[in-house]
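Trainee: Sequences and hints are given; from them, build the entire structure.
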Amino acid sequence: MAELVIVDTGCANISSVYFAVKRLGTEPVISRDANVIKAANRVIVPGVGSAKAAMANLAERELIFTLQGLTQPVLGICLGMQMLTAHSMEGDVACLGLIPGEVAPLNAAGLRLPHMGWNTLHSISSHPIMQGFTEQDYLYFVHSFAVVPSQYSLAQCHYGSDFAAVIGKDNVAGAQFHPERSGKVGARLLQNFLEWQL
13 MAELVIVDTG CANISSVYFA VKRLGTEPVI SRDANVIKAA NRVIVPGVGS AKAAMANLAE
73 RELIFTLQGL TQPVLGICLG MQMLTAHSME GDVACLGLIP GEVAPLNAAG LRLPHMGWNT
133 LHSISSHPIM QGFTEQDYLY FVHSFAVVPS QYSLAQCHYG SDFAAVIGKD NVAGAQFHPE
193 RSGKVGARLL QNFLEWQL
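Residue numbers (the numbering used here): 13 to 210.
Since the hints were derived computationally from the structure, they do not count as laboratory data.
Take the hints with a grain of salt, since some may be wrong.
[As the list claims (entries may be wrong)] In the DMTMM-like style, the derived pairs of lysine to aspartate or glutamate whose C-alpha atoms are separated by at most 20 Å in a straight line are: (1) 196 <-> 147; (2) 196 <-> 207; (3) 64 <-> 74; (4) 64 <-> 20; (5) 181 <-> 114; (6) 64 <-> 39; (7) 196 <-> 39; (8) 181 <-> 207; (9) 50 <-> 207; (10) 50 <-> 15; (11) 64 <-> 104; (12) 50 <-> 74; (13) 64 <-> 15; (14) 50 <-> 39; (15) 196 <-> 149; (16) 50 <-> 20; (17) 34 <-> 207; (18) 50 <-> 72; (19) 50 <-> 182; (20) 196 <-> 182.
Mentor: Encoded structure:
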């Protein structure tokens with residue numbers, strides 16, 4: 013049984029997530045095997061690119077029902093977070109439906125897209141995964157679509173308008189920013205996830 017499995021979603025940020033977690037002293041396993049994923053103590057769903065392509069990858073690998081049935085702590089990163097929601101307007105695609113929510117084009121109010129670079133959080137909740145975060149912390153974002161803020165927002169970010177930067181419900185959480193590219197602050201989110209007790 014693996015302590016942590018990173019789901020092989022066929023997306024490009026898997027190796028950087030792998031090394032970010034490894035730096036924290038955990039030996040993650042990258043897998044697309046449903047049995048390996050189900051048996052893991054914790055699961056990370058990474059992703060970059062488009063929601064439609066990523067969901068098609070999960071369907072092709074027969075992982076959608078596997079991910080929907082997980083009861084251990086699950087963390088989605090970037091597109092992986094968006095895939096946790098019910099629906100993405102990027103390609104008009106149904107997502108995993110683990111956290112109610114809609115992914116919509118980012119309303120950047122004239123600012124350049126994609127939203128790429130360092131930004132801060134606000135409306136930070138007391139959820140275990142957000143322990144130690146402040147509104148002075150900078151995190152690295154790259155995205156043009158975002159989850160609309162809701163009761164499931166654990167933190168928000170402002171770029172032209174507010175969007176959900178971290179979401180969570182039950183055993184599942186997601187971060188729109190890239191913790192694996194956000195230095196010590198990003199490592200804190202990954203460490204919080206590794207220590208998260210349901």
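Trainee: Indicate, hint by hint, whether the structure satisfies it.
Mentor: Checked hints:
Distance hint between residue 196 and residue 147 is fulfilled; the C-alpha atoms sit about 15 Å from each other, no more than 20 Å. Distance check on the hinted pair: residue 196 and residue 207 sit about 16 Å apart at the alpha-carbon level, within 20 Å; holds. For the proposed pair residue 64 and residue 74, the alpha carbon gap of about 15 Å is at most 20 Å, so the pair holds. Annotation: proposed proximity of residue 64 to residue 20 holds, straight-line Cα distance about 16 Å (limit 20 Å).
Our distance criterion of 20 Å between C-alpha atoms is met by residue 181 and residue 114, whose separation comes to about 14 Å. At roughly 30 Å between alpha-carbon atoms, residue 64 and residue 39 are farther apart than 20 Å, so this suggested pair is violated. This hinted pair checks out: residue 196 and residue 39 have alpha carbons roughly 19 Å apart, not beyond 20 Å. Distance check on the hinted pair: residue 181 and residue 207 sit about 17 Å apart at the alpha-carbon level, within 20 Å; holds.
The suggested pairing of residue 50 with residue 207 holds, with an alpha-carbon distance near 19 Å, which does not exceed 20 Å. Straight-line distance between C-alpha atoms of residue 50 and residue 15 comes to about 11 Å, which keeps the hinted pair within the 20 Å bound. Taking the CA atoms of residue 64 and residue 104, the gap is near 8 Å; set against the 20 Å cutoff, the hint holds. For the proposed pair residue 50 and residue 74, the alpha carbon gap of about 13 Å is at most 20 Å, so the pair holds.
With a C-alpha separation of about 29 Å, the suggested pairing of residue 64 with residue 15 is violated against the 20 Å cut-off. With a CA separation close to 17 Å, the supplied pair residue 50 and residue 39 stays within the 20 Å bound. For the suggested pair residue 196 and residue 149, the alpha carbons sit about 10 Å apart, so the restraint of at most 20 Å is met. At roughly 14 Å between alpha-carbon atoms, residue 50 and residue 20 fall within 20 Å of each other, so this suggested pair holds.
In summary, the hint linking residue 34 to residue 207 is supported, as the alpha carbons are separated by about 15 Å, within the 20 Å threshold. For the given pair, residue 50 sits about 18 Å from residue 72 by alpha-carbon distance, which is consistent with the 20 Å threshold. This hinted pair checks out: residue 50 and residue 182 have alpha carbons roughly 17 Å apart, not beyond 20 Å. Using a Cα cut-off of 20 Å, the hinted pair residue 196 and residue 182 is violated, with the two alpha carbons roughly 26 Å apart.
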